[in-house]
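**Q** The residues making up each chain are set out below.
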Amino acid sequence: MIWHPLLIAVLVGDLLSLLLLLAAAKTAFKIAIEWAPHSAASRQIRLERAAETGALTTRFALAAFFVASLVLIVAITNVLPAVIPGAMCGTGVLQATDGLGGRALFYRFLVLGIIYIWLILEKLNILRPDRPLTQRNARVLLLVLPFHLLAVSTTMQAVFRIDTHQPVDCCAVVYDQFRNLAVAQQTAGIPNTLWLWIFWTLTILLVFSGLQAWRAKPPGRVKAAGWMALLALLWVPAAAVVLIKVFSAYYYQVLHHHCPWCLFLSDHKFVGIPLFFTLAVVVLEGPTSFITAKIAVTYPQFVQTATRRSQIAGLRILLATIAFIGMVALPAIFWRLQFGVWIR
Amino acid sequence: MDSALVCQDISLLRRGWEGSQRAVLKNVSAVFKAGQVAIISGPTGAGKSTLLHILAGLLRPSQGQVLADNRPVSRWNTAHRDRWRRKVGIVFQHPRLLNELTVLENVILPIIPRVSSIARLRQRGYEALESLGISHLAGQPGFALSGGEQQRVSIARAIVSQPEILIADEPTAHQDETGAAAIIHRLTEWKRPNTITIIAAHDARLRRHSDFADRQFELRCGGLKELQ
Chain A
1 MIWHPLLIAV
11 LVGDLLSLLL
21 LLAAAKTAFK
31 IAIEWAPHSA
41 ASRQIRLERA
51 AETGALTTRF
61 ALAAFFVASL
71 VLIVAITNVL
81 PAVIPGAMCG
91 TGVLQATDGL
101 GGRALFYRFL
111 VLGIIYIWLI
121 LEKLNILRPD
131 RPLTQRNARV
141 LLLVLPFHLL
151 AVSTTMQAVF
161 RIDTHQPVDC
171 CAVVYDQFRN
181 LAVAQQTAGI
191 PNTLWLWIFW
201 TLTILLVFSG
211 LQAWRAKPPG
221 RVKAAGWMAL
231 LALLWVPAAA
241 VVLIKVFSAY
251 YYQVLHHHCP
261 WCLFLSDHKF
271 VGIPLFFTLA
281 VVVLEGPTSF
291 ITAKIAVTYP
301 QFVQTATRRS
311 QIAGLRILLA
321 TIAFIGMVAL
331 PAIFWRLQFG
341 VWIR
Chain B
345 MDSALVCQDI
355 SLLRRGWEGS
365 QRAVLKNVSA
375 VFKAGQVAII
385 SGPTGAGKST
395 LLHILAGLLR
405 PSQGQVLADN
415 RPVSRWNTAH
425 RDRWRRKVGI
435 VFQHPRLLNE
445 LTVLENVILP
455 IIPRVSSIAR
465 LRQRGYEALE
475 SLGISHLAGQ
485 PGFALSGGEQ
495 QRVSIARAIV
505 SQPEILIADE
515 PTAHQDETGA
525 AAIIHRLTEW
535 KRPNTITIIA
545 AHDARLRRHS
555 DFADRQFELR
565 CGGLKELQ
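As you go down the protein sequences, you meet chains A and B in turn. Residue 1 is where the first sequence starts when you use this note's numbering, and the numbers rise one by one after that. Residue 345 is where the second sequence starts when you use this note's numbering, and the numbers rise one by one after that.
One or more hints might be untrue.
What follows is a set of in silico ranges between Cβ atoms, one per label pair, in the way DEER data are often shown [claimed, not checked]:
id	chain 1	residue 1	chain 2	residue 2	range
1	A	F29	B	L445	44 to 52 Å
2	A	V297	B	L445	19 to 27 Å
3	A	L319	B	A488	58 to 66 Å
4	A	S42	B	K377	24 to 32 Å
5	B	R427	A	L230	45 to 53 Å
6	B	R427	A	A332	49 to 57 Å
These aren't lab readings, by the way, just hints derived from the structure by calculation. Where is the CB? At the ideal position from N, CA and C, for every residue including glycine.
Throw the hints in and build the complete structure from the sequences for me.
**A** This is the structure:
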């Protein structure tokens with residue numbers, strides 16, 4: 001364990017968000033079992049007031065958790081490598097946590113993803129005075145809680161596991177993956193060139209489905225948005241693979257340095273931030289587009305607002321995809337024009 | 345259909361010092377229709393002000409609901425309730441003027457977000473003050489006024505936005521005969537086909553004007569009864 005100010009900030013933010021979420025979850029549990037929108041009984045009136053307070057509490061919890069996650073990412077990518085001996089980027093830092101850091105990040109992204117969906121639904125919900133999505137939102141909130149507990153506990157374990165007297169082999173983790181050149185040129189048993197084809201095919205399909213979803217009217221929109229959400233969720237892992245295994249080489253300008261974390265370093269102009277941000281946009285807005293399209297059909301009072309939100313989600317996916325392609329393809333094209341060869 | 349403000353089975357519980365709950369209002373039901381003036385009377389502490397605060401959306405009842413045009417406004421969340429409250433003008437029992445502002449500035453406060461031109465704001469403020477015969481006080485600070493003058497300013501503040509629902513709590517309480525007559529005259533003028541006026545009154549001068557009130561209610565021990 002190191003008492004680094006950033007890590008203390010992360011733990012404080014996590015505990016604060018956990019306390020707030022527990023308070024909101026207590027109300028959400030009552031809403032999930034007792035909500036009776038047509039009753040004017042004192043129990044329901046109290047619950048309606050509590051629902052409003054609970055929604056506000058959840059927003060604060062989300063804000064605290066989001067800020068804590070940002071601080072954690074900054075610490076992993078740009079601060080802790082200077083503290084942990086042998087670490088040069090986030091890979092070394094995560095190695096110092098014995099793998100718990102990676103697991104903590106996974107749980108954190110999962111929590112942020114679910115609360116993002118909650119936030120989208122809540123923003124729709126408050127547009128109507130009768131708040132028809134309150135009970136559904138309460139269930140989503142209850143779903144977040146176990147993952148939030150896991151995220152906070154795993155983050156704490158990871159932080160406590162860091163030993164600044166124990167050196168790590170940062171790049172060795174990256175290069176040890178390759179027994180030979182053939183292994184270096186494939187991922188999960190699939191050659192990287194094939195991953196590239198998968199990526200481009202999915203990109204074309206994603207853009208096409210985005211345009212379809214933009215044009216479609218409810219109820220046909222649900223199907224189109226569903227396809228777009230599915231393609232977005234398939235596109236993101238493919239994009240991450242080609243980014244790390246193929247396109248990162250044009251930023252690093254060395255062969256087979258398959259490290260996602262070095263992209264966040266100042267040496268590479270922090271390009272990892274916009275690159276992974278675009279992936280986050282696609283992975284969040286894909287399900288958002290589908291869920292809001294479904295809401296527009298299930299709740300007629302939301303037909304306009306939910307359809308509009310679904311269209312905005314599609315537009316964001318489209319823009320994020322274009323931005324990602326621009327950021328990965330342009331350095332490769334410049335390299336090819338400059339030196340006449342691809343790096344592979 | 346004419347608009348109406350409906351109290352549906354409203355109860356309000358307050359926690360006492362010893363932790364027990366006391367019913368301030370018990371199953372109050374009433375319909376206040378547009379174009380009518382309703383006067384609610386009753387002994388001190390009967391819950392008149394509390395009922396007015398619930399009708400104005402300032403308090404949420406513990407049970408039951410307030411319906412405005414069949415929409416349960418008392419159960420709406422803050423954002424929607426605040427938007428609906430722009431249609432309500434309130435005269436509080438205590439004027440609650442902001443002492444740092446002049447009378448005119450106090451009066452135009454409710455319409456600042458809704459009127460873009462400053463000249464138009466001032467004009468509307470002057471008109472409201474003029475209708476109560478106190479336009480000469482426009483430049484005075486709030487603290488320099490007597491209790492009766494402050495009360496008339498608070499009435500001007502309530503009517504400046506031309507609300508659909510006017511709720512007044514003891515509007516003639518601190519007035520002499522002339523002041524009370526001016527207020528009653530103004531409230532009588534305010535009687536319009538699309539406006540609901542509800543007044544809590546202790547003052548016999550208000551109740552004596554038989555042509556003024558269309559309906560009279562009595563609130564006693566937390567229960568509301570319409571007087572014939």
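**Q** Evaluate the given range 44 to 52 Å for the C-beta pair formed by A:F29 and B:L445.
**A** Check passed, 47 Å falls within 44 to 52 Å.
**Q** The hint says 19 to 27 Å between A:V297 and B:L445; measuring C-beta to C-beta, is that right?
**A** 51 Å, violated
**Q** Range hint 49 to 57 Å: satisfied by the CB atoms of B:R427 and A:A332?
**A** Holds: the Cβ-Cβ distance is about 53 Å, inside 49 to 57 Å.
**Q** Just to be sure I understand the hint, the distance between the Cβ atoms of B:R427 and A:L230 should be within 45 to 53 Å; is that true here?
**A** 39 Å Cβ-Cβ, so the 45 to 53 Å window is violated.
**Q** Okay, A:S42 versus B:K377 on CB: inside 24 to 32 Å?
**A** Taking Cβ atoms as reference, A:S42 and B:K377 lie about 28 Å apart, which means the hint holds.
**Q** Is the distance from the Cβ of A:L319 to the Cβ of B:A488 consistent with 58 to 66 Å?
**A** For A:L319 and B:A488 the Cβ distance comes to about 60 Å; the hint holds.
Hint compliance for this structure: hints 2, 5 are broken, all remaining hints hold.
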